[in-house]
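Trainee: For reference, the chains in residue letters:
Protein chains: 2
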Amino acid sequence: METVERLIRSTQELLWERGYVGTSPKAIQAAAGAGQGSMYHHFSGKAELAKAAIERSGVEMRAAAEELLGGAGTAGERIARYLGRERDVLRGCRIGRLTADPEVVADPELRAPVDETFTWLRGRLAEVIAEGKQNGEFAATIDPDRLAATIAAVLQGGYVLARAADSTEPFDLAIQGLLELIEA
Amino acid sequence: METVERLIRSTQELLWERGYVGTSPKAIQAAAGAGQGSMYHHFSGKAELAKAAIERSGVEMRAAAEELLGGAGTAGERIARYLGRERDVLRGCRIGRLTADPEVVADPELRAPVDETFTWLRGRLAEVIAEGKQNGEFAATIDPDRLAATIAAVLQGGYVLARAADSTEPFDLAIQGLLELIEA
DNA sequence: GTCTATATGCCGATAGAC
DNA sequence: GTCTATCGGCATATAGAC
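Residue numbers (UniProt numbering), protein chains in the order written: chain A, 1 to 184; chain B, 1 to 184.
Hints are computed from structural coordinates only; laboratory data are not their basis.
Idealized CB from N, CA, C, for every residue including glycine.
Warning: the hint list may mix true and false statements.
[Claimed, not checked] Pulled from the structure, derived: some chain A residues nowhere near chain B, Cβ distances all over 12 Å:
id, residue
1, K26
2, S38
3, E67
4, T99
[To be verified] Subject to a maximum C-alpha distance of 27 Å in a straight line, what follows is the list of computed DSS-like cross-link-like pairs (lysine-lysine):
id, chain 1, residue 1, chain 2, residue 2
5, A, K51, A, K26
6, B, K46, B, K26
7, B, K51, A, K51
8, A, K46, B, K26
9, A, K26, A, K46
10, B, K51, B, K26
11, A, K26, B, K133
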C-alpha cells in the first residue's frame with residue numbers, strides 16, 4: 001500500500017480510538033510505518049491529515065449504511081436490519097466520537113465531514129420512513145425527520161451507555177426498546 | 001471558596017469541555033487560581049483530581065434528574081418533563097462525554113462513577129416506566145429496562161448529533177420523535 | 001520522497017525552601 | 001499550605017541533506 005494511504009488509514013484508527021487531541025503525528029507515523037519527513041511531505045500537518053481521515057471514515061460509514069438501508073425488503077425490515085447489524089459496540093462510532101473533541105467541533109474543516117455524514121444518515125433514514133408511511137407500515141402521524149433523528153440518536157447514545165458500562169448490554173437494550181416502540 | 005473546592009470545580013469544567021486527555025494540571029491550576037505545589041499538596045495527581053471531579057458531576061447529575069423524575073405528576077409527565085428540561089445542548093453531557101476518553105474507560109477508578117451514574121439513571125427511569133405500566137399509562141407489552149435504555153440513549157445521542165451539526169435542532173427532533181413514539 | 005537534526009514549549013510530576 | 005526550581009519526555013513542527 002502507498003504511504004499516503006497508510007497514513008490516512010492509520011490516522012482513521014487512531015482518531016477512532018484516541019480522538020483528535022489524543023492523536024499525535026508521532027503515533028501516526030509509527031502506525032503507518034512512515035518517517036517524520038514523509039508525513040510532512042504529503043500533508044501540511046496533523047489537521048490536514050485528520051481532515052482526510054475523517055472524510056474517508058464518513059464515506060465508509062455512509063456506504064455501509066446505504067448497503068442495508070437501500071437493500072431489499074420493507075422499510076421496517078431495512079431499518080431493523082440497519083439497527084441490528086453487527087457492530088463493534090465497545091469501540092464506539094468512529095464519526096460520533098469526534099463530536100467530543102472541541103478542536104474538531106470548533107474547526108469548520110474538521111467538523112464538516114462529521115456534519116455531512118450525520119445529516120446524510122438522518123435524511124436517508126427519513127426517506128425510508130416516508131416510504132414506510134406510504135405503504136401503511138408506519139402510522140400516518142409519524143414525522144419522518146423526527147423519527148430519523150431518534151433512530152440515529154439511539155445508536156450514538158447506545159455506544160455511550162455501552163462504553164460507560166464496559167458492556168454491550170445497554171446498547172442492545174436501547175435498540176430493542178426502540179424496535180418495540182416502532183413496531184407497536 | 002476553599003482551594004480544594006476550586007480545584008474540583010475547575011476540573012469538572014475542564015473535563016466537560018476538553019475531556020481527560022485534553023485537560024492538563026497546568027490548566028486546572030490556572031482555572032482554579034492555585035499553584036503547582038498547592039494542587040499536588042491536596043491531590044496525588046491528575047487522576048485523583050479527575051476522580052473527585054467525575055464523582056461530583058455524577059452526584060449533581062443524579063440530583064438534577066431525581067428532581068424531575070421524582071416530582072409530581074403521572075409517569076408520562078415526569079419523563080416528558082425530564083426529556084424537555086432546559087439543557088446546554090451544544091456543550092454535551094458532562095458524564096457521557098467522558099466515555100469518549102480511552103483513559104477514563106480503561107481506568108476502573110475513573111470509569112466507576114460514570115458507570116454508576118448511567119446505571120442509576122436507567123434504573124430510575126425503569127422504575128417510573130413500571131409505575132406508568134401499572135396505572136395503564138404505558139402498554140403492558142413495554143419492557144421498562146429496554147425503554148429506559150432507549151430514553152437515556154436518545155439524550156446522549158442527541159448531544160452527539162447536535163454537536164456534529166453545531167445546532168440544537170437534531171437534539172430537539174430526536175426528543176420529539178421519541179415522545180411521539182411513547183405517546184402513540 | 002524520505003531521512004536526520006534541531007527547536008520551542010507543554011506534560012505530569014518531584015524536591016525542597018519558606 | 002504554597003512557592004519556585006528542576007526534570008525527562010513528548011507535541012508539533014521546520015530545515016536542509018540525500
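Trainee: Indicate, hint by hint, whether the structure satisfies it.
Mentor: Against the structure, the hints come out as follows:
Annotated as non-interface, K26 of chain A keeps its C-beta farther than 12 Å from every C-beta of chain B; the closest such distance is 15 Å. The claim that S38 of chain A is not at the interface with chain B holds, since no C-beta of that chain comes within 12 Å of its own (minimum 26 Å). The beta carbon of E67 of chain A sits about 22 Å from the closest Cβ of chain B, which is more than 12 Å, so the claim that it is off the interface holds. Residue-level check failed: T99 of chain A sits 4 Å from the nearest beta carbon of chain B, not beyond 12 Å.
Distance hint between K51 of chain A and K26 of chain A is fulfilled; the C-alpha atoms sit about 17 Å from each other, no more than 27 Å. Restraint check for K46 of chain B and K26 of chain B: the C-alpha separation of about 10 Å stays at or below 27 Å, so the hint holds. For the hint pairing K51 of chain B with K51 of chain A, the CA-to-CA distance comes to about 33 Å; that exceeds 27 Å, so the pair is violated. Of the supplied pair hints, the one linking K46 of chain A and K26 of chain B holds, its CA atoms being roughly 24 Å apart against a limit of 27 Å.
Between K26 of chain A and K46 of chain A, the direct Cα distance comes to roughly 10 Å. Compliance with the 27 Å bound is thereby established for this hinted pair. This hinted pair checks out: K51 of chain B and K26 of chain B have alpha carbons roughly 17 Å apart, not beyond 27 Å. Of the supplied pair hints, the one linking K26 of chain A and K133 of chain B is violated, its CA atoms being roughly 56 Å apart against a limit of 27 Å.
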